[in-house]
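Chemist: In case you want the letters, here they are:
There are 2 protein chains.
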Amino acid sequence: MSAPVEFYFDLSSPYGYLAAQKIDALAAKYGRTVDWRPILLGVMFKATGMAPLTEVPMKGEYSKRDFPRSARFHGLSFRMPSRFPIPTQAAARIVLWLKEQDRARAVRVAKAMFHAYFVDDIDISNPDAAAAIAAREGVDPAAARAAVDDPVVKDALKREVEKALARGVFGSPFVIVDDEPFWGLDRFDQIDRWLASGGF
Amino acid sequence: MSAPVEFYFDLSSPYGYLAAQKIDALAAKYGRTVDWRPILLGVMFKATGMAPLTEVPMKGEYSKRDFPRSARFHGLSFRMPSRFPIPTQAAARIVLWLKEQDRARAVRVAKAMFHAYFVDDIDISNPDAAAAIAAREGVDPAAARAAVDDPVVKDALKREVEKALARGVFGSPFVIVDDEPFWGLDRFDQIDRWLASGGF
Numbered sequence: 000m001s002a003p004v005e006f007y008f009d010l011s012s013p014y015g016y017l018a019a020q021k022i023d024a025l026a027a028k029y030g031r032t033v034d035w036r037p038i039l040l041g042v043m044f045k046a047t048g049m050a051p052l053t054e055v056p057m058k059g060e061y062s063k064r065d066f067p068r069s070a071r072f073h074g075l076s077f078r079m080p081s082r083f084p085i086p087t088q089a090a091a092r093i094v095l096w097l098k099e100q101d102r103a104r105a106v107r108v109a110k111a112m113f114h115a116y117f118v119d120d121i122d123i124s125n126p127d128a129a130a131a132i133a134a135r136e137g138v139d140p141a142a143a144r145a146a147v148d149d150p151v152v153k154d155a156l157k158r159e160v161e162k163a164l165a166r167g168v169f170g171s172p173f174v175i176v177d178d179e180p181f182w183g184l185d186r187f188d189q190i191d192r193w194l195a196s197g198g199f
Numbered sequence: 000m001s002a003p004v005e006f007y008f009d010l011s012s013p014y015g016y017l018a019a020q021k022i023d024a025l026a027a028k029y030g031r032t033v034d035w036r037p038i039l040l041g042v043m044f045k046a047t048g049m050a051p052l053t054e055v056p057m058k059g060e061y062s063k064r065d066f067p068r069s070a071r072f073h074g075l076s077f078r079m080p081s082r083f084p085i086p087t088q089a090a091a092r093i094v095l096w097l098k099e100q101d102r103a104r105a106v107r108v109a110k111a112m113f114h115a116y117f118v119d120d121i122d123i124s125n126p127d128a129a130a131a132i133a134a135r136e137g138v139d140p141a142a143a144r145a146a147v148d149d150p151v152v153k154d155a156l157k158r159e160v161e162k163a164l165a166r167g168v169f170g171s172p173f174v175i176v177d178d179e180p181f182w183g184l185d186r187f188d189q190i191d192r193w194l195a196s197g198g199f
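Those sequence lines, one after another, are chains A and B.
Residues in the first sequence are numbered from 0 upward in steps of one, following numbering that gives the first Met the number 0.
Residues in the second sequence are numbered from 0 upward in steps of one, following numbering that gives the first Met the number 0.
Only chain A is shown next, with the shape it has when bound in the complex (with noise of 0.2 Å):
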């Protein structure tokens, strides 16, 4: 049995978002599960000394223009979110804490979380918004609501950004295939040759 692989990822990520919706198949081409693994940006914007994407001068046009094109490209709605970042801790506590009961249901939630921000234009950011959209899912919306302010879930993804960190993943979506770190969707045409071959 292979091991997962490893998706990373921030709520806030414009890629990540449409990498959310491609992950699970690639892997599943070969027999391979997903571990939805979510993280903050923010943190590792300090670790790298890099700025959000829509802040850095020129690049910043070009992503705004890049993003709405990289989702008609695959075929995915997008609009872009009237607050941009935003701090996805509120909606990331709630993906993680459903994780330790209901995998399967905790990416439901990702997706969703995704979903309400990139096309129903949704600031995840408050706690309560994030915690009905948990409720789409058959969430029952207090006890997400309560994660959210958990010392227990905000210490687990804590220690859960520092290991993402440990492992060298600096960026969002960032995949990692048996050790073998891939940044952006743009790296899903190798990661798609790396689960075929087994490396190159």
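For the record, the hints were derived by calculation from the structure and aren't laboratory data.
You may find that some hints are simply not true.
[To be verified] Derived DSSO-like pairs: lysine-lysine, alpha-carbon spacing no greater than 27 Å straight-line:
1) A:LYS63 x A:LYS28
2) B:LYS45 x A:LYS63
3) A:LYS63 x B:LYS162
4) A:LYS45 x A:LYS63
5) A:LYS45 x A:LYS153
6) B:LYS63 x B:LYS110
7) B:LYS45 x A:LYS45
8) B:LYS63 x B:LYS21
9) B:LYS63 x A:LYS162
10) B:LYS45 x B:LYS153
11) A:LYS110 x A:LYS162
12) B:LYS21 x B:LYS162
13) A:LYS157 x A:LYS28
14) B:LYS110 x B:LYS157
15) A:LYS45 x B:LYS63
Here the structure of chain A is known, so what remains is to put chain B in place on it, guided by the hints.
Modeler: Frame of chain A, contents of chain B only:
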């Protein structure tokens, strides 16, 4: 007659080198020619506040793994140069100077510069070395060496970089197809569809 595809590159850019092996065939598939435009990433980095990839914490380590892996993925030779990155004024001036006289030869010399740096580990920041590479393509090495210090050529390259910045070019490779900007070898699949369909 469609306008040429604009291909911007820095001769010290690994992804620029890889893209340089592919851009002519990609454009030719759709009956388009390519305008090869050398730029200086150092100037772009100042404008955007970006840094050479290999100097960014974490991303640098990843890049050193991704460069050769991407080369293998595309079936191209690649060796990480002993000295990286390097200033590419000398090599870029020779290419630009040649372009005024013989565009086809300028392209061959640009490719030879890339090959010398990324396969043969020749430091093309050295003006004599750069002139010697040009000589391999039938260029008079003394004339090429003189072009490096020619104020007219220096000024022409400076204006080229300024024009590129004004066009929104901030990285290498950078391709503009009918005013649509594409950054990175990663976008060659989108360029392909754009050329095929006239936009999407």
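Chemist: Each of the hints needs a verdict: does it hold here or not?
Modeler: Results of checking the hints against the structure:
| no. | hint | verdict |
| --- | --- | --- |
| 1 | A:LYS63 x A:LYS28 | violated (32 Å) |
| 2 | B:LYS45 x A:LYS63 | holds (21 Å) |
| 3 | A:LYS63 x B:LYS162 | holds (22 Å) |
| 4 | A:LYS45 x A:LYS63 | holds (23 Å) |
| 5 | A:LYS45 x A:LYS153 | holds (19 Å) |
| 6 | B:LYS63 x B:LYS110 | holds (22 Å) |
| 7 | B:LYS45 x A:LYS45 | holds (20 Å) |
| 8 | B:LYS63 x B:LYS21 | holds (21 Å) |
| 9 | B:LYS63 x A:LYS162 | holds (22 Å) |
| 10 | B:LYS45 x B:LYS153 | holds (19 Å) |
| 11 | A:LYS110 x A:LYS162 | holds (23 Å) |
| 12 | B:LYS21 x B:LYS162 | holds (24 Å) |
| 13 | A:LYS157 x A:LYS28 | violated (32 Å) |
| 14 | B:LYS110 x B:LYS157 | holds (21 Å) |
| 15 | A:LYS45 x B:LYS63 | holds (21 Å) |
Figure legend: structure checked against the earlier numbered hints; hints not met, in rising order: 1, 13.
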